[in-house]
Amino acid sequence: MKLFKHRPEEGYQTKTSIINRRKAILTTAKYTFFGLIGLRLLWLQVFQKNKYSILSDRNRFKEWKIAAERGLILDRFNNKIAENRQLYRIALIKGDVTDLDFVLATLNKFLRLDNEIIEKTRTDFIKLRKFQPYVINKNLTWAEFSKINSNLFILNGVQPFISMERHYNYPYEFAHVLGYVGVPNENDLQNQKDDLFRTPGIKIGKLGIEKILNRELIGTPGFTRFEVNAAGRAVRTVEFVDGVSGNALKTSLDLELQKLTYQKLGRNAGSAIAMDIKTGEVLACVSTPSFDTNKFAFGITQPEFNELLKNERKPLINKFLSGQYSPGSVIKPIIALAALENKIVDQDYTHFCSGKIDLYGQEFYCWKDGGHGRINLKDAVKKSCDIYFYELARLLGVDRLAETIRKFDFGQPTLKDFDEEKKGLVPDTKWKKNVLGKPWLLGETLITGIGQGYILATPMQICKSMAEFANGGYKVNPTFYLDEKSKLSRMDFDAENIKIIKEALVAATNEPGGTAYGSRLNGNLKFAGKTGTSQVTKLTAKDREDNANPNSREYKYRDHSLFAGYGPVEEPKYAVAVVAEHSGPGSRIAAPIASSMFDFLFKKRISNA
Amino acid sequence: MRETVKVSKIFLLIEKFQKLDRSLIYMILVLGLISILSLYSIDKGQGTIYLKHLLRFVFAFIILIIVAFTHVNFWYRYAYHFYFLILFLLVVLKFVGVTAKGAQRWLDFGFFHVQPSEVAKLAIILVLAKFYNLVKVENTNKIFSLLVAAILILIPFLLVLRQPDLGTAVLILGAALGTLWIVGLNRKIFISGFIIVILCLPFIFAGMKPYQKQRVVNFFNSERDPLGANYQVIQSKIGIGSGGIFGKGYLKGSQSSLDFVPENHTDFVFSHFAEEFGLIGSLLLLWLFFSIIKRVTLIGDQSKNSFSKIFCYAFAFNFFLYIAINLGMVTGLLPVVGVPLPILSYGGTAMLTNMIGLGIVLSSKLYNEDFI
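Heads up: the sequence lines are chains A and B, in that order. The first sequence maps to residues 1 to 609 in our numbering. The second sequence maps to residues 1 to 372 in our numbering.
Just so you know, these hints were derived from the structure itself, not from any lab. What you are looking at is a predicted structure, and each value in this text was computed from that prediction instead of being measured. The reader is advised that the hints may include incorrect statements.
To be verified - Derived CB-CB ranges, DEER-like:
id: 1; chain 1: B; residue 1: L158; chain 2: A; residue 2: D124; range: 51 to 61 Å
id: 2; chain 1: B; residue 1: K304; chain 2: A; residue 2: T32; range: 21 to 31 Å
id: 3; chain 1: A; residue 1: F47; chain 2: B; residue 2: R162; range: 41 to 51 Å
id: 4; chain 1: A; residue 1: R198; chain 2: B; residue 2: L199; range: 51 to 61 Å
id: 5; chain 1: A; residue 1: V46; chain 2: B; residue 2: K16; range: 42 to 52 Å
id: 6; chain 1: A; residue 1: R198; chain 2: B; residue 2: F203; range: 47 to 57 Å
id: 7; chain 1: B; residue 1: I196; chain 2: A; residue 2: V46; range: 57 to 67 Å
id: 8; chain 1: A; residue 1: F240; chain 2: B; residue 2: F203; range: 51 to 61 Å
id: 9; chain 1: B; residue 1: I62; chain 2: A; residue 2: V235; range: 55 to 65 Å
id: 10; chain 1: A; residue 1: F47; chain 2: B; residue 2: F11; range: 52 to 62 Å
id: 11; chain 1: B; residue 1: V30; chain 2: A; residue 2: E239; range: 29 to 39 Å
Stated by the list, open to error - Away from chain A, derived, C-beta distances all over 10 Å, residues of chain B:
id: 12; residue: V30
id: 13; residue: L87
id: 14; residue: V96
id: 15; residue: I191
id: 16; residue: S192
id: 17; residue: L199
id: 18; residue: I238
id: 19; residue: T297
id: 20; residue: A324
id: 21; residue: G348
Unchecked claim - DMTMM-like, lysine to aspartate or glutamate: derived pairs with alpha carbons at most 20 Å apart:
id: 22; chain 1: B; residue 1: K252; chain 2: A; residue 2: D419
id: 23; chain 1: B; residue 1: K248; chain 2: A; residue 2: E239
id: 24; chain 1: B; residue 1: K252; chain 2: A; residue 2: D57
id: 25; chain 1: B; residue 1: K248; chain 2: B; residue 2: D259
id: 26; chain 1: B; residue 1: K44; chain 2: A; residue 2: E227
id: 27; chain 1: B; residue 1: K16; chain 2: B; residue 2: D259
id: 28; chain 1: B; residue 1: K248; chain 2: A; residue 2: D494
Glycine included, C-beta positions come from ideal geometry on N, C-alpha and C.
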């Protein structure tokens with residue numbers, strides 16, 4: 001075989017040298033480009049590693065959070081007042097649903113869905129990402145749920161599931177104190193730093209204790225972390241972390257008493273509070289009329305909500321914290337104490353009540369036509385004589401009066417964390433000058449002495465002050481929880497003076513002629529207390545004549561009926577305050593309600609204990 | 001007498017075997033191993049792609065050895081035949097080709113598909129090497145030889161471009177230009193050609209298919225449209241970048257395994273490798289590729305005939321071009337044109353072409369003392 005076709009010739013030698021030179025240039029180009037690629041890799045893999053790692057994980061993992069079961073809310077005897085119920089619901093999984101129209105039509109056949117729900121599902125569904133579940137806004141009965149389950153083979157992409165939802169066992173009774181939960185709105189989401197509230201299906205506390213202790217109650221959501229592929233389908237479960245249900249919360253409330261109080265307030269608009277006088281634990285606090293918190297938890301309809309908003313009795317207002325009233329005669333024990341403390345009078349000081357007094361041409365009346373005659377301090381409290389207290393107020397002056405009232409924390413919130421709580425108002429000369437820009441008038445001092453005029457107080461403040469009398473002059477901090485250790489600190493009042501006032505309060509309820517005598521309890525255990533009738537408008541002469549029939553006036557001008565008291569008399573344990581709006585004299589409406597609360601407490605809580 | 005001939009032939013074979021460039025073969029084997037392991041990892045051990053690739057690699061490797069022991073003279077003698085055979089196949093493709101992804105690229109031979117455009121890259125190098133081996137050095141820049149060369153290059157280039165397959169067409173042109181450069185074509189011609197291309201760019205752009213235009217536009221607009229056409233490059237960069245210095249570890253890469261990186265078995269295979277083995281692995285792979293190129297160049301240096309020299313240098317350049325364009329593309333330095341990574345990417349014809357090319361290089365080494 002001839003292996004050599006050509007002998008090398010001269011020209012070929014030069015060709016080799018050309019080729020070698022050109023090759024060297026190419027080699028340089030190759031080095032350069034490889035260097036460039038190397039640098040590029042260095043840039044991507046070292047300097048931008050973090051950026052790309054995050055992007056890679058974001059690609060790769062998707063988390064589906066599962067809201068934890070909300071903590072139970074218990075009363076002081078471990079009765080459940082808010083719990084969670086299993087709800088039967090269905091979700092549609094986008095990407096698995098092959099024919100949305102068919103699925104909706106079929107579901108409609110089984111569940112009879114509202115058109116509104118169908119339309120909403122249809123519009124929301126389009127916006128979903130692939131494989132994202134969409135929960136249809138309807139609670140199913142067990143029968144419906146099982147019907148769907150047995151027809152799943154025709155319902156592509158329908159996923160029935162059981163979820164835990166808040167349920168209030170006594171929605172009306174506890175509405176204002178417990179509040180309710182709801183779906184977080186844009187505002188809630190923005191105020192929240194972490195993404196807890198973005199957990200699908202989570203509900204957050206919107207009002208009351210549910211809102212204040214939301215963090216404790218909400219628990220920690222569980223989550224499933226999936227590895228997903230580029231199409232968004234879960235490839236495998238990387239991690240499953242169980243959620244931790246929220247802590248059960250034991251409150252100081254007493255379910256039975258709360259129910260009774262709600263029932264006794266009945267159709268009155270108002271509020272009632274019962275409190276332990278040593279610990280400040282609130283046993284009952286009811287505001288009426290109330291509303292169904294379960295409806296709020298599931299999303300109340302707009303017409304229903306508007307109805308609540310328009311109601312002139314204001315069901316949405318928490319009256320025991322946000323209701324501000326002229327305390328009326330309920331303030332008198334404090335006025336009497338102020339007089340004694342300032343040594344203006346002693347307990348034997350008497351004053352003559354003729355039914356009215358003239359002050360620079362202005363007339364001030366006692367509630368009792370014809371007056372009480374000569375009367376001492378104890379009887380003035382017992383019979384609630386206005387003229388006597390005008391005199392005490394005149395002798396004290398408004399600033400000394402205000403000072404004592406403020407020692408009972410009027411004019412400031414009693415609780416730390418209720419946003420809706422109002423502060424009330426304790427007027428004095430400085431306040432009027434600063435706020436109203438006018439000088440204080442003597443007449444205003446007089447009516448402050450009977451709890452009218454500028455002075456405003458909330459039922460919680462009134463109840464607290466009564467508790468502080470009852471325990472002999474120790475500070476009380478109202479609370480809805482049991483675990484808070486309340487330390488007793490003396491208020492700087494003479495114990496002897498407190499005792500005098502307490503005796504007067506006992507007399508007011510238990511001696512004939514006392515304003516609350518009609519509501520007294522006849523058993524071994526008795527309660528003491530002071531009625532109050534708070535005027536909403538200045539009375540005209542005609543009104544005075546009509547006083548026997550207050551219901552003749554327009555609702556919003558009728559008097560508020562108040563009562564504040566404590567019991568049992570011998571060994572005080574409880575303080576109670578009742579305010580019934582626009583319902584008439586304190587003795588007629590508020591005192592009987594308080595009486596039945598004391599009756600319950602004495603019979604069921606003391607005798608049994 | 002017959003016995004002696006037989007014995008001497010066996011001795012000759014043993015002698016040749018000892019002369020075989022072992023280091024190049026080892027490097028090829030390592031590359032093959034890496035490629036099979038990578039494909040296995042992309043599918044997390046599922047599927048059959050890595051097995052198919054293994055079979056193809058073994059088959060191509062046997063071809064490589066056969067080619068290596070075939071005298072380089074065979075390729076010299078049949079270079080024109082080979083070239084015209086490929087041209088014929090490219091034309092036939094127009095009529096009976098298998099359409100995939102909008103382009104007619106494959107010929108169906110029943111149990112396997114062949115992509116003639118891939119083989120055309122080899123053919124153009126061979127035909128130019130033979131042509132310039134014949135042309136005297138002083139005639140290299142004469143009009144006649146230029147004209148012949150231009151025709152030899154443009155026919156396969158245009159045929160492939162019309163398939164349409166921009167990536168392969170560019171590579172054919174690149175391989176051809178590389179060869180012309182090596183044989184000593186006047187620099188002025190290159191420069192003026194370059195200027196003409198620049199001037200013609202708007203017309204070329206206007207003549208492009210919409211998807212090709214999109215790719216070019218995207219390249220100059222990177223990361224503006226993350227879910228659109230730039231998606232692949234961004235996902236590829238995420239894969240590479242998230243690997244970091246040491247990588248996520250074998251079988252732990254997620255970008256390709258979860259299909260975020262498209263074409264993960266073929267053009268973007270490097271992305272997965274870099275994700276799992278990090279900067280260190282990537283640089284080692286880069287070094288391996290570079291060593292192969294250097295080795296091929298070295299074999300060219302040792303050859304005593306111009307044909308072998310031209311072929312080795314041109315093939316080395318072609319090999320380099322594949323790697324450069326592919327890596328440039330997956331790291332976001334160059335626009336996306338469908339260029340596979342030699343041997344690593346899944347794809348039979350490209351593998352076979354590269355192995356035949358490397359076989360001719362090995363043969364050049366075995367017969368480097370011989371003149372053509």
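What are the numbers of the hints that this structure violates, sorted from low to high? 7, 9, 18, 19, 20, 22, 27 and 28
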